[in-house]
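Q: First to last, the protein sequences are chains A and B. Here the first sequence is numbered in numbering that gives the first Met the number 0, starting from 0 and rising by one per residue. Here the second sequence is numbered in numbering that gives the first Met the number 0, starting from 0 and rising by one per residue.
Just so you know, the hints here were simulated from the structure itself, not pulled from any lab data. Check before you lean on any hint, since a few could be wrong.
Incomplete in silico selection of chain A near chain B, CB under 10 angstroms [what the hints assert, rightly or not]:
#: 1; residue: V13
#: 2; residue: D91
#: 3; residue: I97
#: 4; residue: F99
#: 5; residue: A103
#: 6; residue: A116
#: 7; residue: A119
Short, incomplete list of chain B residues facing chain A, as computed with Cβ under 8 angstroms [unchecked claim]:
#: 8; residue: V9
#: 9; residue: A10
#: 10; residue: E13
#: 11; residue: E78
#: 12; residue: Y80
#: 13; residue: V82
#: 14; residue: L106
#: 15; residue: S113
#: 16; residue: A114
#: 17; residue: I121
A quick note: this is a predicted structure, and the numbers were derived from the prediction, not measured. Just so it is clear, CB atoms sit at the ideal spot from N, CA and C, and this is done for glycine as well.
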Amino acid sequence: MVGVHEWALAEAVVLTLSQYLREVGWSRVSRVVVSLGELQAVDREVFEFALKELTSLYGVEVGRFEVVDEEASFECRSCGFRWRLRDLNLPDEVRESIHFLPEAAYAYVRCPRCGSADFALLSGRGVRLVGVEP
Amino acid sequence: MSVLRDPRLVAIGERLREVRAVVPFLSSKGGVGKTLVSVATALALGRRGLRVGLLDLDVTNPTVHVVLGIRPGSLVPREEYGVVPPEVSGVRVMSTVFYTLGRPAPLRGEGVSSAIRELLSITRWGPLDVLVVDTPPGMSDELLELLTYIRRFSSFLVTTPSRLSLDSTARLAELVARRVAGVVLNMAWEVPEEAVRLADRLSAPLYVLPYDSSVEVALGSPERLAETRFARAVDRYVAEHVVRLLQNRR
Ligand SMILES: Nc1ncnc2c1ncn2[C@@H]1O[C@H](COP(=O)(O)OP(=O)(O)O)[C@@H](O)[C@H]1O
Ligand SMILES: [Mg+2]
Ligand SMILES: [Zn+2]
Chain A
0 MVGVHEWALA EAVVLTLSQY LREVGWSRVS RVVVSLGELQ AVDREVFEFA LKELTSLYGV
60 EVGRFEVVDE EASFECRSCG FRWRLRDLNL PDEVRESIHF LPEAAYAYVR CPRCGSADFA
120 LLSGRGVRLV GVEP
Chain B
0 MSVLRDPRLV AIGERLREVR AVVPFLSSKG GVGKTLVSVA TALALGRRGL RVGLLDLDVT
60 NPTVHVVLGI RPGSLVPREE YGVVPPEVSG VRVMSTVFYT LGRPAPLRGE GVSSAIRELL
120 SITRWGPLDV LVVDTPPGMS DELLELLTYI RRFSSFLVTT PSRLSLDSTA RLAELVARRV
180 AGVVLNMAWE VPEEAVRLAD RLSAPLYVLP YDSSVEVALG SPERLAETRF ARAVDRYVAE
240 HVVRLLQNRR
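My request is simple: use the sequences and hints to build the entire structure.
A: Right under this line is the structure:
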């Protein structure tokens, strides 16, 4: 179960924390908040497991990871319409492609109102390191 | 609570740790042969027994797969602690086409940067002697991502003999400066003085590749491409240069 792509996403977070701790000279952090964008559809359980494994692998001491969800929403640059990912009905293969590369959404999603391909991803793209507490 | 940087940026360095050399092909103009030369170089290096990766950084208009004869949808990177690029004709290939399936995916600059960071931070190339990078024309997000996040690379500037192309190549050369391994004069119907001077200024060799009409029918077939006069010149000059570059790094 750990052999999946979530591992690489979690590793990016842990490596960044490790570098940050070195830069600011802390030995540990008490709390780390990571947000998971709905668009990337990261398997939360796997991701949290990978975070745990990787922090011990890289010797990064974290008191508590707080993994929060972020809803994916879009705004059309052409007509201004706003919509959410859950308003769309994307087939499984498309979700799979977007899971690996969220920008692939631009190949499959169009503005539900005017059909434009020029839209902004307002929130909920992928994995984001929201912050850390000493 | 402190806000931290994009976690993908640190991961990029980690993913490229076992890559001995990154070799991008750059030009400020389109249609000068970056894709063809970079794919031919990667294939030639693969035939010489090197461990080669080939990254299509033209994320909105990928074409590496066309030269290699990969039908969009027929191949997907394997999921394994990230994604592992599929091997085609001895070369490990990564492209956004594996995920967009060849549909138009128009991206603004921010989306381009983000797509590149995502690809670079999840792709497990494994140990490579060389990662060949095909790039889109110009000096925009793709090039800036390269310059900023893959600082160590040796590039080839690709140009035609046209003054339009040479003039923009000179501008690009200023930006990339000391990271130029060679200048490739492609579809060379002549060897203009400006091309020679440009290479001199960069203290880089000028490699002259012929215009070869047999290239067109060889598109989609790495075996047929290898037999063209064009590919033989790429092997003799460009691939050979990369081999020497690797030897000097030992
Ligand atoms: N040396 C050459 N001889 C013949 N055709 C060439 C040669 N180099 C490139 N081409 C052709 O020119 C066109 C543009 O090449 P391409 O590699 O796509 O350029 P770029 O990637 O710089 O936009 C393609 O159709 C390609 O097959
Ligand atoms: Mg190209
Ligand atoms: Zn619209």
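Q: Look at each hint and say if it fits the structure.
A: Evaluation of the provided hints:
no., hint, verdict
1, V13, "holds (9 angstroms)"
2, D91, "violated (14 angstroms)"
3, I97, "holds (8 angstroms)"
4, F99, "holds (6 angstroms)"
5, A103, "holds (4 angstroms)"
6, A116, "holds (5 angstroms)"
7, A119, "holds (8 angstroms)"
8, V9, "holds (4 angstroms)"
9, A10, "holds (4 angstroms)"
10, E13, "holds (6 angstroms)"
11, E78, "holds (5 angstroms)"
12, Y80, "holds (4 angstroms)"
13, V82, "holds (6 angstroms)"
14, L106, "holds (6 angstroms)"
15, S113, "holds (6 angstroms)"
16, A114, "holds (4 angstroms)"
17, I121, "holds (5 angstroms)"
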